[in-house]
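Asks: For the protein sequence lines, the chains are S and E, in the order given.
Using my numbering, the letters of the first sequence map in sequence onto residues 1 to 354.
Using my numbering, the letters of the second sequence map in sequence onto residues 1 to 140.
Wrong hints could be hidden among the right ones.
Derived, one-sided and incomplete: chain S residues facing chain E with beta-carbon distance under 10 Å [what the hints assert, rightly or not]: (1) Val6; (2) Leu20; (3) Pro42; (4) Tyr84; (5) Val157; (6) Tyr207; (7) Phe332; (8) Val336; (9) Thr337; (10) Ile342; (11) Asp344; (12) Ala346.
Cβ pair distances, simulated, as ranges [claimed, not checked]: (13) E:Pro125 with S:Thr28: 54 to 64 Å; (14) S:Gly154 with E:Val27: 50 to 60 Å; (15) E:Cys129 with S:Leu30: 45 to 55 Å; (16) S:Leu30 with E:Pro81: 28 to 38 Å; (17) S:Lys58 with E:Thr89: 36 to 46 Å; (18) S:Val268 with E:Thr70: 39 to 49 Å; (19) E:Cys129 with S:Lys58: 36 to 46 Å.
Think of the hints as simulated: they come from the structure by calculation, not from any bench.
Quick reminder that beta carbons are idealized off the backbone N, C-alpha and C, glycines included.
These are the residues of each chain, in order.
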Amino acid sequence: MPAVSVDTFFACSLMVMLVLSAMAATTTVLRPHINNAAEGIPERYREISKYLLLNEGKPSNWGQNGQTAPETFGLAKPFVKSAYELDMDKVSRLNSENVYAISYADAYASLKMPDVSFKMEIKPLFEVSISLVATFKLDNDTVYKFRISTERNGSPVPTQLRMLTVAEDYLDAISVSAASGEKLQNITISDSVTGPALLVVLARSSYNDKIASFNAFAFAHNSAEPDPKGTFLRLSPLDYGLNASFLTSGISLTQAYALTFDYDSPLVQMANTSESVTYEIPHFLDSAPTVLVVTGLDTLTFFSEWTAYPQMPIDMGADFADSHTLSDVFSFTYLVTVDSAIYDCAIWLGGPKK
Amino acid sequence: MRNGNAGQIRIIEAVFAVFVIYSAFAVTANLPISQSNSRNDNLASLGLQTLTELDSDGSLGKYIDQGNWTALQEDLSLALPTGVSFNLTIYDEQMCEINTAVIGNGSFGNQEMAFTEYVCTSRSPAFRCYLIRLYLAVTT
Numbered sequence: 001m002p003a004v005s006v007d008t009f010f011a012c013s014l015m016v017m018l019v020l021s022a023m024a025a026t027t028t029v030l031r032p033h034i035n036n037a038a039e040g041i042p043e044r045y046r047e048i049s050k051y052l053l054l055n056e057g058k059p060s061n062w063g064q065n066g067q068t069a070p071e072t073f074g075l076a077k078p079f080v081k082s083a084y085e086l087d088m089d090k091v092s093r094l095n096s097e098n099v100y101a102i103s104y105a106d107a108y109a110s111l112k113m114p115d116v117s118f119k120m121e122i123k124p125l126f127e128v129s130i131s132l133v134a135t136f137k138l139d140n141d142t143v144y145k146f147r148i149s150t151e152r153n154g155s156p157v158p159t160q161l162r163m164l165t166v167a168e169d170y171l172d173a174i175s176v177s178a179a180s181g182e183k184l185q186n187i188t189i190s191d192s193v194t195g196p197a198l199l200v201v202l203a204r205s206s207y208n209d210k211i212a213s214f215n216a217f218a219f220a221h222n223s224a225e226p227d228p229k230g231t232f233l234r235l236s237p238l239d240y241g242l243n244a245s246f247l248t249s250g251i252s253l254t255q256a257y258a259l260t261f262d263y264d265s266p267l268v269q270m271a272n273t274s275e276s277v278t279y280e281i282p283h284f285l286d287s288a289p290t291v292l293v294v295t296g297l298d299t300l301t302f303f304s305e306w307t308a309y310p311q312m313p314i315d316m317g318a319d320f321a322d323s324h325t326l327s328d329v330f331s332f333t334y335l336v337t338v339d340s341a342i343y344d345c346a347i348w349l350g351g352p353k354k
Numbered sequence: 001m002r003n004g005n006a007g008q009i010r011i012i013e014a015v016f017a018v019f020v021i022y023s024a025f026a027v028t029a030n031l032p033i034s035q036s037n038s039r040n041d042n043l044a045s046l047g048l049q050t051l052t053e054l055d056s057d058g059s060l061g062k063y064i065d066q067g068n069w070t071a072l073q074e075d076l077s078l079a080l081p082t083g084v085s086f087n088l089t090i091y092d093e094q095m096c097e098i099n100t101a102v103i104g105n106g107s108f109g110n111q112e113m114a115f116t117e118y119v120c121t122s123r124s125p126a127f128r129c130y131l132i133r134l135y136l137a138v139t140t
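All chains should be modelled from the sequences, with the hints used to inform the complete structure.
Replies: Shown next as structure tokens:
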């Protein structure tokens with residue numbers, strides 16, 4: 001083989017190897033930066049989702065003051081050492097039913113991240129379903145047969161139940177066990193009681209007192225069918241006070257109750273105007289939400305309205321349903337504590353697709 | 001004959017050049033890449049947060065002291081999102097497995113798994129320390 005060919009061969013090989021080594025080195029050096037541009041997005045969103053739950057916002061008591069919008073958004077309860085413990089008033093102000101609720105625009109602006117939209121859901125770890133399956137008329141009473149199910153995404157949850165029936169000048173409570181996640185229960189109400197009646201069900205996991213849920217069901221009793229929730233009053237709990245705003249004229253309130261798994265108590269009126277009444281909510285020791293029921297008369301018709309404190313479930317924020325092709329959307333799930341009870345918190349964060 | 005040899009040399013050169021190029025590409029393609037484990041990190045983080053939350057009032061240590069494995073399983077089933085399989089093992093200070101029943105909600109199959117460890121304590125009647133190992137996987 002001539003020496004020239006050998007030289008040419010080695011020279012070419014050397015050049016090819018040099019060029020390819022340079023390509024390999026460049027790729028190796030740049031790959032982390034290239035990847036970070038895309039892979040850093042979920043990491044950034046995850047940190048933002050934690051920030052929403054671990055930061056108390058500014059001012060730190062923006063939840064208690066219904067007239068104040070937060071300068072900086074954050075839901076953590078101030079002055080607590082445990083992580084993921086949320087302030088019940090800040091959470092209540094995310095519920096659009098609350099007259100003191102902050103809008104998504106306020107929350108978005110106070111997050112101070114113009115390229116990040118978010119959506120937040122906070123709800124009990126399991127659902128309580130109530131259905132009326134039968135009615136029996138006795139001589140002086142009526143018996144209502146209810147099916148109560150406690151489920152998490154279709155799977156039964158063993159629970160202890162407390163059922164309270166509220167009607168005009170009437171409050172009755174019974175406690176039962178639903179070990180299989182379902183209970184058929186008869187509720188007997190005297191015909192002397194005027195309705196519509198409201199059945200409030202407070203459920204607590206059989207194994208953990210901090211895992212609780214609730215629901216309520218209005219039904220006719222010596223009355224016409226009940227009007228939908230929110231027809232007569234807008235109930236807004238905040239800072240251990242309940243504001244009941246009248247939605248129609250001619251309303252007079254008769255009673256208000258705070259109901260928990262272990263306690264029930266009538267509410268004491270603190271203030272009264274022509275448009276609303278304010279009650280004081282007692283501090284119960286239960287690690288479960290307090291259900292608040294207000295009864296009254298609309299001219300001569302009895303009604304009852306209810307809500308919970310903290311005002312759950314929460315579903316606020318941007319609608320990402322049709323944005324997945326245009327945006328990077330990531331969801332994160334956390335367990336959070338609100339007033340000693342554990343809730344499920346899901347946060348969606350999205351921004352322009354990169 | 002010499003011209004014929006020169007042609008052969010060119011062919012051999014070309015073959016070697018192709019070999020070198022392909023080798024370089026093969027090496028480049030297999031350079032170690034830092035794979036993102038963010039999905040597993042999320043799952044492990046969720047597992048740790050769940051254990052921390054459930055133990056905020058000392059419940060985990062209490063259940064372990066009582067040998068109440070059903071309560072542990074029910075709590076985790078409720079607290080973890082639907083579609084997440086888990087398997088939990090509890091060890092004492094001597095690293096002996098102490099749970100006498102399986103604490104989990106199904107088999108893992110071939111899914112990607114995440115793993116988290118949590119140390120919990122109890123103080124009734126005596127101070128005890130337990131190591132909890134929680135394996136998690138997303139059910140597909």
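Asks: When the hints from earlier in the document are held up against this structure, which numbers fail?
Replies: Nothing - there is no hint that the structure violates, so all of them hold.
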